[in-house]
Amino acid sequence: MPWRAPLTGRDPDEEHRASTPLELLFDLSFVVAVAAAAASLHHELSAGHFDGLVGYAMVFFAIWWAWLNYSWFASAYDTGDVTFRLMTFTVLAGVLVLAAGIQDIFKDEPDFTIVVIGYLIMRAALVPMWLRVARDDPRVRNVALRYAAGIVVVQVFWVGRLWIHEDHWMLITFVALAVTEMAIPYWAEMTGDASTPWHVEHIVERFQLFTIIVLGEVILATTQAISATLDGHGLSADLTMVIAGGLLLVLSLWWIYFKRSLIECIHGRNGFLFGYAHYFLLGAVAAVGAALAANVDLVEHEAHGLSHQGAVLALATAVAVYVLGLGVIHAFGEGSLRPLRAPLVVTALLYAAALVATNASHHVGPGVLAVGIVLTGAVVDHQVRGSAGQQGIQRDGDE
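Numbering follows the UniProt record's numbering, in which position 223 of the sequence shown is assigned residue number 223; successive positions increment by one, without gaps.
Any given hint might turn out to be false.
So the derived label-pair ranges between C-beta atoms look like this [stated by the list, open to error]:
#1 305 / 226: 33 to 43 Å
#2 381 / 32: 31 to 41 Å
#3 307 / 385: 33 to 43 Å
#4 171 / 304: 48 to 58 Å
#5 141 / 47: 32 to 42 Å
#6 139 / 163: 52 to 62 Å
#7 254 / 86: 55 to 65 Å
#8 340 / 131: 18 to 28 Å
Within a straight-line C-alpha distance of at most 25 Å, the following computed SDA-like cross-link-like pairs (lysine to any residue) qualify [as the list claims (entries may be wrong)]:
#9 107 / 160
#10 259 / 237
#11 259 / 160
#12 259 / 107
#13 259 / 240
#14 259 / 154
#15 107 / 47
#16 259 / 344
#17 259 / 11
#18 107 / 19
Since the hints were derived computationally from the structure, they do not count as laboratory data.
Note that the structure is predicted; figures quoted are calculated from it, not measured.
Glycine included, every Cβ here is placed at the ideal spot set by N, Cα and C.
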């Protein structure tokens, strides 16, 4: 293994490109931060503090953006040398620091210091790598220099933001800096020079694997409900329906994501939207786990300040964001609004089923189960329609 190999870019058409063991370890480290963010959101929801969604959105952006930037860079320039591995471990250390500071931003007086330090470590680790690309790969020299310069400049403003304590200015500056961060790749790649040679199939696989890992938050919440039955609370009808709804959600969220190929959705400039839309998808998946856990708390009488309707609607909203986000990705991939029809219908049904079931029963169990059934129904409908379409094509071919 060389200490430092030239960063001239990997072949974007390389066959059988797959995630490396190092990338899998990287994802495992990031899921620690995702779990910390979801746990904090869970506690905020259980206390009826829906304003905690703002802090969750902020910290999840930091996690997702650092993960996305590393993954895209690795897709193009993973040489497997010692220097690259050290850079990876630096980012890994940064996300652990960030995870340790997540609870601080949910206090009565939010403190972003530790989160920002962790974020700076993750972002700064890429700067010397981009400078190496600028030196080793003349085709994308200007692109790499723009990446490096953009990262450095924006991090200065993130540090400056630590001295802002008014809530409205904290939100405004966060949105402004987040948009600026997301503009850096577009600004860098649109220089007119050659683009970074990222691998389409590899990127899609990276997102697929990370989505599966984040789904673990929903599995964890379902496990919490099962554990409650074993810890003396007993298997009530309400808890049984929460468990059933959680299991249906895990299956359906996974099925919907993998039911169609995502390769067609990422070519060309759609790559930006593909990556950016996953902020909502991944954030929504983790939020489903947090909302499901809050519903379990209500059943166990451990939630204070959260209504039954609010708990179930929080769950339905997280599922709806996931479904709509995936619909947007497929709509841009096809260049048509047709893929948005089903997600819009499913969203309406999610809210209707959640409200009717919860208000009629005055318990969260029926509402959670209703949300799970609606999403499962969408999966079954898609499967039946797909099978019918294939049979029709086969009959036409036989004739």
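Results for each hint:
| no. | hint | result |
| --- | --- | --- |
| 1 | 305 / 226: 33 to 43 Å | 25 Å, violated |
| 2 | 381 / 32: 31 to 41 Å | 37 Å, holds |
| 3 | 307 / 385: 33 to 43 Å | 37 Å, holds |
| 4 | 171 / 304: 48 to 58 Å | 26 Å, violated |
| 5 | 141 / 47: 32 to 42 Å | 52 Å, violated |
| 6 | 139 / 163: 52 to 62 Å | 41 Å, violated |
| 7 | 254 / 86: 55 to 65 Å | 34 Å, violated |
| 8 | 340 / 131: 18 to 28 Å | 42 Å, violated |
| 9 | 107 / 160 | 21 Å, holds |
| 10 | 259 / 237 | 32 Å, violated |
| 11 | 259 / 160 | 44 Å, violated |
| 12 | 259 / 107 | 40 Å, violated |
| 13 | 259 / 240 | 28 Å, violated |
| 14 | 259 / 154 | 38 Å, violated |
| 15 | 107 / 47 | 13 Å, holds |
| 16 | 259 / 344 | 18 Å, holds |
| 17 | 259 / 11 | 28 Å, violated |
| 18 | 107 / 19 | 38 Å, violated |
Hints 1, 4, 5, 6, 7, 8, 10, 11, 12, 13, 14, 17, 18 from the list above are not met by this structure, while the remaining hints are.
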